[in-house]
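Chemist: Each chain, written out:
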Amino acid sequence: MGIEVRNLTKSFGNTLALDNVNININEKQIYGLLGNNGAGKTTLLNIITNRLYPDSGKVLIDGEQVLDNDRVLGRVFMVGEKNLYPEGMRVKKAFEITKLFYPNFDIQYANELARRFELDTRKKITALSTGYASIFRIILALSVNTPYLLLDEPVLGLDAQHRDMFYKLLIEKYSENPCTIIFSTHLIQEAANLINHVLIIKNGCIIRDMPCEELLEGGYTVSGPAALVDNYISGLKVLSVNSLGGLKTACIHGKAEQSDLPPGLEISSMGLQDYFISLMNEEESK
Amino acid sequence: MNTMNVRPAFTYKFREIIKGIAVFYGIMVAILTGVIYLAYINLSNNNTTTSNFSAFMVAAANTLFVIGIVTIREDIRLMMQNGIGRRTIFITELLLTLSISLILAVAGELLIAIGQAITANWQGIFITDIYQLIYTYESNYKMSFLQHLESIAFAFSIYVCATLAGMLISLIFYRLSKIGTIIVAVGSPLFLFIILPITLKRSGAGYLLRSVLMAVFQFIHSSPWAFIFCSLLATIFISIFSWLLMRRAPVKPAK
Chain A
975 MGIEVRNLTK SFGNTLALDN VNININEKQI YGLLGNNGAG KTTLLNIITN
1025 RLYPDSGKVL IDGEQVLDND RVLGRVFMVG EKNLYPEGMR VKKAFEITKL
1075 FYPNFDIQYA NELARRFELD TRKKITALST GYASIFRIIL ALSVNTPYLL
1125 LDEPVLGLDA QHRDMFYKLL IEKYSENPCT IIFSTHLIQE AANLINHVLI
1175 IKNGCIIRDM PCEELLEGGY TVSGPAALVD NYISGLKVLS VNSLGGLKTA
1225 CIHGKAEQSD LPPGLEISSM GLQDYFISLM NEEESK
Chain B
28 MNTMNVRPAF TYKFREIIKG IAVFYGIMVA ILTGVIYLAY INLSNNNTTT
78 SNFSAFMVAA ANTLFVIGIV TIREDIRLMM QNGIGRRTIF ITELLLTLSI
128 SLILAVAGEL LIAIGQAITA NWQGIFITDI YQLIYTYESN YKMSFLQHLE
178 SIAFAFSIYV CATLAGMLIS LIFYRLSKIG TIIVAVGSPL FLFIILPITL
228 KRSGAGYLLR SVLMAVFQFI HSSPWAFIFC SLLATIFISI FSWLLMRRAP
278 VKPAK
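These protein sequences, in sequence, are chains A and B. No gaps in the numbering here: position 46 of the first sequence is 1020 in my numbering, and each next residue is one more. No gaps in the numbering here: position 115 of the second sequence is 142 in my numbering, and each next residue is one more.
If you are wondering where the hints come from, they were derived from the structure by calculation, not from laboratory data. Predicted model, so just to flag it, every value in this text is computed and none were measured.
Examples of chain B residues toward chain A, derived with CB under 8 angstroms:
| # | residue |
| --- | --- |
| 1 | Met31 |
| 2 | Asn32 |
| 3 | Thr38 |
| 4 | Glu101 |
| 5 | Leu105 |
| 6 | Met107 |
| 7 | Gly112 |
| 8 | Arg114 |
| 9 | Thr115 |
| 10 | Pro277 |
| 11 | Pro280 |
| 12 | Ala281 |
Note that CB positions come from ideal geometry on N, CA and C, so glycine has one too.
One chain only, chain B, in its complex shape (with noise of 0.2 angstroms):
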């Protein structure tokens, strides 16, 4: 028998999480208005200035890892009060970061289609995103309908990635005693911009890790679908670590 509430607990929370989304979404418009209205004066005054927009995939991604870490707690918090398990709250964030990923996927690659679209002949204005400057460099300005298929789901598997990402650092500092929380929020930074650029610079064990680094972006820049294999790769393990943290989490109220 089905014991899952989902509904009424992925109703809320789209509620809530899509104003952000939609926030976030009317000043990247904002700014892409602005953008071509800049390069549209500029053009009109024979200006040979250049104007870019290519930072919708790395701003999402931004947001999304913030409402990530921000929400997860908030969410066990209110859901438990209201009767709902973890593992339906689990189940909740996990097809609420699919759903807003797709919507913000498919919404910014809309955002530069028309951006490209409106400015197709125009000189000095560049409306690109990360999947074109990284893997089409060798096709036109403007997009195939493949293409942008393509960068639709290279963006969805960036933006799940980022998400849960977020709830899973969260979830480590609501499980950790007071002394862990300090280890790892030491811990943390001194490992990647100390030991490892280090670590890095050695032979033996650093040559090997250097390598294997090398191979790996190597084989995610050959092409957008090992991109992806790669991040649902960590999605897939993220999320098995954020489940672990949260299937016995105890309920403490906000500080």
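In isolation and in its complexed conformation, chain A is listed as follows (with noise of 0.2 angstroms):
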């Protein structure tokens, strides 16, 4: 069970939002969904969500197609960067809407969400900020108890404090109740500690999916003294290097060896920004 993406090619005009996309989306772990702006992330959650029709492939959900499929995309929600509820419809309203079509949006959770981040449930959705209108969206998502959440940028336009509590609140979410999320953002290091399975797409292509843990494995930091730096990572395998005053740090590819550091120089294990900054230009560099 779980998603399954197969062979799925999209154009628009002239450009190739995905060319032949396969991955396998288990049951209940958090995939993050990574790449760069234009790299096909929306494109590919908006046919998940039968928003968008493929030129070719399918996905199944569950087993079943998508195409049409009221039982299945019931058992999908997903919150994209812009707003789909009519214009002038208040956000009390909306979760009302949200309930009638999926049974188990649990409302009173979401006016208890709503208080919580000060969203006024009275005003109109089209009145909101960018930031209230993320929390509305965020609020509809941790409320809606489906078995597949599927969140495109769900912290846009978001202030720290907002953004750390929305993190919270999904972990305390997915705690009590696991379910499959997919987390499309370009704020990686904040969400790199919810997210235990990695997408990473570009220009259409996936390019990594396989599990954070063990994407992460598969490199180091090391940093110190420039100098001592330099010389160290001489004939291994550099994805990248920062220099800041006399500091440089460089993520390594492979396994530290901690008998072969040099004094003065730390090992650390690389970050998952770190990680798709230095795959970002390995692959630019092709």
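Join the two chains into one complex using the hints; note that each chain is given alone, in its own frame.
Modeler: So this is what it looks like as structure tokens:
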């Protein structure tokens, strides 16, 4: 069970947005869908939820095709960057409407979250600021209780405090009631602790699809005085290098050998964001 | 296996539209009451001014046409956000159009019948509707039960066609590119108000077109059932075209 994406291709005019994408999304895991702007993240999520039609290929959820299948679509909830609720509809009404379509939508919890995020439920959705519009969508996502939750840039325009609140609530929700979450974001560093499995997409192709831990085990970071770092990394496969004053940090592909480490250098595990940036640089240099 | 979830979609839409329909009906009741009251005052003062109320069906068709234009895009967005596929949305729109049209056709007929019953023996007031004006010119002011039923069927066919026509126009503009939108927006009135009248005045193809149109008008004028038949054909054509536009429509947020 889970989501199966098979040979998905989608073009917009001359732009190839997705190029023969194949992925398996397992149940009850949090997937991070990472990629630069225009990589195809939103297109992929829109096709999974049947908001867009692919040129070829198919999407199966729990073994069933999604195309015009309400039973399957009713098991998925996606919050995108844009509002799809009618202009003029108030937040409170939107909660009631969502409950009508998703019987497991918890209105009480949604109202409680609205209180915690200080979102006025009497306000019209279109009158909300960018940040509060994100909060509105986040509340819908956290209260809907579907087996599959797709979050496309959910923290767009949110301040640091509210982002932190959201990450905590998402983890809380996931711990209480595990579901499959696909999380697309540019704030990789912040979301890194949430993600079990990483999907990296570039120019419509999935270039990495593996558990986060496994991915990060494939490299490490070495930092210290520039001259020492330069000396240490010569001959190694360097993913990326950052300099600040006389200090340098390099991401290295492979396993670190503590015994080989000269004094004055420090080794730490590689962050997801570092890995992502170095991978993108590597891909661009090809 | 049934993969359609029509019930919540229909419930939501029905609740939304019935409010608008109730407001429209309330306004019509108020206007009719006003017309009857004015006629009563005129009658009391021996004033010979004639009052007329015959626009319910036209007003209702216009209202439904506008509802068709306004709501379809909103419905696609909202329902796709909430796990409802395009096929269900389309079926829901059809069921809703049929339900609302029937309710409005019956309610409108009831209003006219009550108005006619109240003013049956009054001078200087005519409460009628399009059906009566076109098809019952030889009968009495008050209609028979069968004529009322026929009028309901006539109104129903107009309302269904008007709502779906509004929906179709909205879908055409929803699917068209910017350039396509401009071409249709400029081309439609250009064709209807300039090219078509000029063509109709010409001989040859113009004469042929004129003859066909005249034959169609004569046919629909011959009996309400001829009109209903033509409406049904138009409804089927509009529905098929609408579905073709909708079945692969991308979900675009409101601008």
